[in-house]
Amino acid sequence: MTWLLETVALLLLVTLVLGLIRIWRGPTIADRMLAAQLFGTTGVGLLLVLAELQQIAALRDVALVLALLAVMAVLAFVARVWRRDPENSADEDPPA
Amino acid sequence: MILIEALQALLLLAGVAFFLVVGTIGILRFPDVYTRVHALTKADNLGLGLIVFGLLLGADSVPVALKLLLIWGLALIASATAGYLVARAARRRGVRPWKARNWENG
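Quick note, the sequences are listed as chains A and B, same order.
Under our numbering, read the first sequence as residues 1 to 96, first letter to last.
Under our numbering, read the second sequence as residues 1 to 106, first letter to last.
Careful, some of the hints might be misleading.
To be verified - Covered stretches of chain A (chain B as the covering partner; in silico rule of three or more C-beta atoms under 8 Å from a C-beta of chain B): (1) 24-31; (2) 40-47; (3) 69-75.
Hints were generated in silico from the structure; no laboratory data involved.
For glycine and all other residues, C-beta sits at the position ideal for the given N, C-alpha and C.
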């Protein structure tokens, strides 16, 4: 089963790297934030797989905290950063 | 035993495939915020759920299994809430949903 868990962990890492492309390209900060949320969930899955693979039970607690912090980040983003104010157009990237 | 391991492998690989195909390709290829929210929440819920159920079959004890289920439950609530909030914030800011005819304008 070890090879399978290793493969799963590796593919989850690939998902993280591909998610970076969306963070890089934007175009709005909401898209970047969504990719960051995908990071959170993928990271949770990765930590759970690693906890099973390496028999480190504490990593499950880390996964739990990461799941909590990921949603806190999105909540703070929606409540504080991405509010409705038409003057503030700073979230749109200048055309490249 | 071999059946359980085969089922575990199937669930884990299905979960990863879900993350890769639905989550990443969706977030990379979909045109606007709303569709990306859609792709993301599905990957969160079902992808992580499949991985959790795959690991659940190999869990050592009942508390470990319960903790895995707890993490998945938290992720379910979290991604549903976050997806709703992001979509509502986008609508309030006046982000227009993507339509096929303004494909060239992005």
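Consistency of the hints with the structure:
1. 24-31: It holds: at least three residues are needed, and the segment 24-31 of chain A offers 4 whose Cβ sits within less than 8 Å of chain B.
2. 40-47: holds (count 4)
3. 69-75: holds (count 4)
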